[in-house]
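Asks: As you go down the protein sequences, you meet chains A and B in turn. Counting in our numbering, the first sequence runs from 66 upward without gaps. Counting in our numbering, the second sequence runs from 66 upward without gaps.
Please keep in mind that the hints were generated in silico from the structure rather than gathered at the bench. Certain hints may be false.
A pair counts as met if it fits within one copy or between any two copies, since identical chains are not told apart.
As the list claims (entries may be wrong) - No farther apart than 20 Å at their CA atoms in a straight line, the calculated lysine to aspartate or glutamate pairs in the EDC-like style are these: (1) Lys-99 x Asp-192; (2) Lys-283 x Glu-92; (3) Lys-221 x Asp-200; (4) Lys-283 x Glu-78; (5) Lys-384 x Glu-252; (6) Lys-384 x Asp-138; (7) Lys-67 x Asp-192; (8) Lys-283 x Glu-322; (9) Lys-361 x Glu-303; (10) Lys-379 x Asp-332; (11) Lys-221 x Glu-322.
Number of protein chains: 2
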Amino acid sequence: MKRVLVALPTLNENQKEKLRSACPGCEISFINEKEITPSNIDGVEIIIGSVPPAMLHSPESLEFLQVGSSGADAYVREGVLKPGTVLTTCTGAYSQTVAEQAITATMMMLKKMHLYRDAQNRHEWTDLGTVGSLDGAVVLVMGLGEIGKYYSRLAKALGAYVIGVKRRASDKPDCVDEMYLTDEFDEVCPRADVIVSFLPGSAATTHFYTAERFRAMKSSCVFVNYGRGVAVAADVLEEALRNGEIAAAAVDVFETEPLPADSPLWDLENLVITPHSSGFYHLPATLERVVDICAKNLSAYLNGGELMNVVDFKTGYKK
Amino acid sequence: MKRVLVALPTLNENQKEKLRSACPGCEISFINEKEITPSNIDGVEIIIGSVPPAMLHSPESLEFLQVGSSGADAYVREGVLKPGTVLTTCTGAYSQTVAEQAITATMMMLKKMHLYRDAQNRHEWTDLGTVGSLDGAVVLVMGLGEIGKYYSRLAKALGAYVIGVKRRASDKPDCVDEMYLTDEFDEVCPRADVIVSFLPGSAATTHFYTAERFRAMKSSCVFVNYGRGVAVAADVLEEALRNGEIAAAAVDVFETEPLPADSPLWDLENLVITPHSSGFYHLPATLERVVDICAKNLSAYLNGGELMNVVDFKTGYKK
Numbered sequence: 066m067k068r069v070l071v072a073l074p075t076l077n078e079n080q081k082e083k084l085r086s087a088c089p090g091c092e093i094s095f096i097n098e099k100e101i102t103p104s105n106i107d108g109v110e111i112i113i114g115s116v117p118p119a120m121l122h123s124p125e126s127l128e129f130l131q132v133g134s135s136g137a138d139a140y141v142r143e144g145v146l147k148p149g150t151v152l153t154t155c156t157g158a159y160s161q162t163v164a165e166q167a168i169t170a171t172m173m174m175l176k177k178m179h180l181y182r183d184a185q186n187r188h189e190w191t192d193l194g195t196v197g198s199l200d201g202a203v204v205l206v207m208g209l210g211e212i213g214k215y216y217s218r219l220a221k222a223l224g225a226y227v228i229g230v231k232r233r234a235s236d237k238p239d240c241v242d243e244m245y246l247t248d249e250f251d252e253v254c255p256r257a258d259v260i261v262s263f264l265p266g267s268a269a270t271t272h273f274y275t276a277e278r279f280r281a282m283k284s285s286c287v288f289v290n291y292g293r294g295v296a297v298a299a300d301v302l303e304e305a306l307r308n309g310e311i312a313a314a315a316v317d318v319f320e321t322e323p324l325p326a327d328s329p330l331w332d333l334e335n336l337v338i339t340p341h342s343s344g345f346y347h348l349p350a351t352l353e354r355v356v357d358i359c360a361k362n363l364s365a366y367l368n369g370g371e372l373m374n375v376v377d378f379k380t381g382y383k384k
Numbered sequence: 066m067k068r069v070l071v072a073l074p075t076l077n078e079n080q081k082e083k084l085r086s087a088c089p090g091c092e093i094s095f096i097n098e099k100e101i102t103p104s105n106i107d108g109v110e111i112i113i114g115s116v117p118p119a120m121l122h123s124p125e126s127l128e129f130l131q132v133g134s135s136g137a138d139a140y141v142r143e144g145v146l147k148p149g150t151v152l153t154t155c156t157g158a159y160s161q162t163v164a165e166q167a168i169t170a171t172m173m174m175l176k177k178m179h180l181y182r183d184a185q186n187r188h189e190w191t192d193l194g195t196v197g198s199l200d201g202a203v204v205l206v207m208g209l210g211e212i213g214k215y216y217s218r219l220a221k222a223l224g225a226y227v228i229g230v231k232r233r234a235s236d237k238p239d240c241v242d243e244m245y246l247t248d249e250f251d252e253v254c255p256r257a258d259v260i261v262s263f264l265p266g267s268a269a270t271t272h273f274y275t276a277e278r279f280r281a282m283k284s285s286c287v288f289v290n291y292g293r294g295v296a297v298a299a300d301v302l303e304e305a306l307r308n309g310e311i312a313a314a315a316v317d318v319f320e321t322e323p324l325p326a327d328s329p330l331w332d333l334e335n336l337v338i339t340p341h342s343s344g345f346y347h348l349p350a351t352l353e354r355v356v357d358i359c360a361k362n363l364s365a366y367l368n369g370g371e372l373m374n375v376v377d378f379k380t381g382y383k384k
């Protein structure tokens, strides 16, 4: 009889029942993810939820960790899980909430709504001139996982011409007009009116957006980072905005989170900062999808079925 | 030989040529709309552009006024034009720019991006909790002219269920899921997650959104006014927001414009104010469309062809 610990946000009875039905004969316990302590993990074979990585020191009994998040970069680091532990994510569950906030931020920048909000706070009735549009814009989407594809569909629905850039060769999905490999980024980068990054955190993506790459972008380009903060160093982004290498940016993720209160980024007029808020369970639909994925994978793991969203420890990406 | 005055923003040679070709044999002159003086109007038979209404006192010679704007309510008032003057608008040219800013504002409110911008300005990394989505939301679009239809298409592309409300019975256009007449507003109002108003200014639309109607809305409703300011009195909107009758509002138009610097509206956290900036020529595509409409109507007027966007002086609406 395996012991299963579910550490997600508070679930309703229907959601709990979905998980219970997925592991008949197991001993299952539920705890709010915010209340988890090291003793909860002790002797558990299966964890469903995003236990703080610092609480995990290669626990002996743990066989299978299904995290509640879409990324798992914090769990593939050495010493967090013992070799052989199966690690799966909830990739896909967060696509809607992240992509929707990212496209809202994109449109906000194009329409100067952040500057109009600032003007409102100064009681100023001031026309801020020319605005942009997604209609006809070339939008470069970095990372074509579930979130990148969701964003691409929204952008296309609003009239954008979407160029997808991804790590591995595959057939071009319908949601993009053109597709390139990450190695080809420098060739397509100067064409983009908007660059939206959903790159996950990994050695390969760390500081991907260098000062040189910002210089290669259109000076009218809007840069949006809703992937992971390591993809761009704070000082590089700051300089790109201060020097007018790009027109504006909207960023939800930072190398250091929370962003320190004395960071010079806060006061950049053309940078819209959100506190890594696009994910989580801010849309009610998200938790429902998380529970569905967890229940399916729990059942598959116990019955030797095929798991979804298995993480490759070498790359930190989905296998 | 008729005299034609073109008073639009500064046109390029290609745009001027389009208008010249539309009125061969006429004496045509161009002036930037901001530099027009009463002497420019004197003795002119045709004006293309939005001459300030205060400059018009039923000018004797004027036969045809093609305004550059989408609305013409300021020109149908008594004493502005002499009876019999033909009045046409550029309805349609502004649909994209207005609808795009309106949907950006809608999404911004649903995603709390205005509050995140305020938090940013305070250097605060604070999670603001649950957000909404257009996906699955019931969006009530008041006014199904070109702008209302454009907005409806965008909202549907983003997953909304769109209810259109219009003045006159007609076949339901594909861009809406249900359609009602203005008289039926009170029946559908409580169903709406978002109410977007594109009502023009007229006697019938003045103070349409009464305190009673705000009370009938969902307390979670987002109200967006991108039509004309007369549709809602400032104090009624203020009370609706302060009392929590609705969750938030985004307003581009006011009864008094510019909004006075001491208006209590400026400081309402859940109200996003823009300075009637959605229209004008802020999108480059708009001026191109305006010139096309003006050239077609100029040619039609001179050759007895069918005019587009003719204003009915009795209603202030398109005939």
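Asks: None of the hints should be skipped; say for each whether it holds.
Replies: These are the hints, each one checked on the structure:
no.: 1; hint: Lys-99 x Asp-192; result: between (46 Å within a copy, 15 Å between copies)
no.: 2; hint: Lys-283 x Glu-92; result: neither (57 Å within a copy, 43 Å between copies)
no.: 3; hint: Lys-221 x Asp-200; result: both (8 Å within a copy, 16 Å between copies)
no.: 4; hint: Lys-283 x Glu-78; result: neither (52 Å within a copy, 27 Å between copies)
no.: 5; hint: Lys-384 x Glu-252; result: neither (27 Å within a copy, 52 Å between copies)
no.: 6; hint: Lys-384 x Asp-138; result: within (13 Å within a copy, 62 Å between copies)
no.: 7; hint: Lys-67 x Asp-192; result: neither (64 Å within a copy, 36 Å between copies)
no.: 8; hint: Lys-283 x Glu-322; result: neither (28 Å within a copy, 36 Å between copies)
no.: 9; hint: Lys-361 x Glu-303; result: neither (43 Å within a copy, 49 Å between copies)
no.: 10; hint: Lys-379 x Asp-332; result: neither (38 Å within a copy, 52 Å between copies)
no.: 11; hint: Lys-221 x Glu-322; result: neither (32 Å within a copy, 36 Å between copies)
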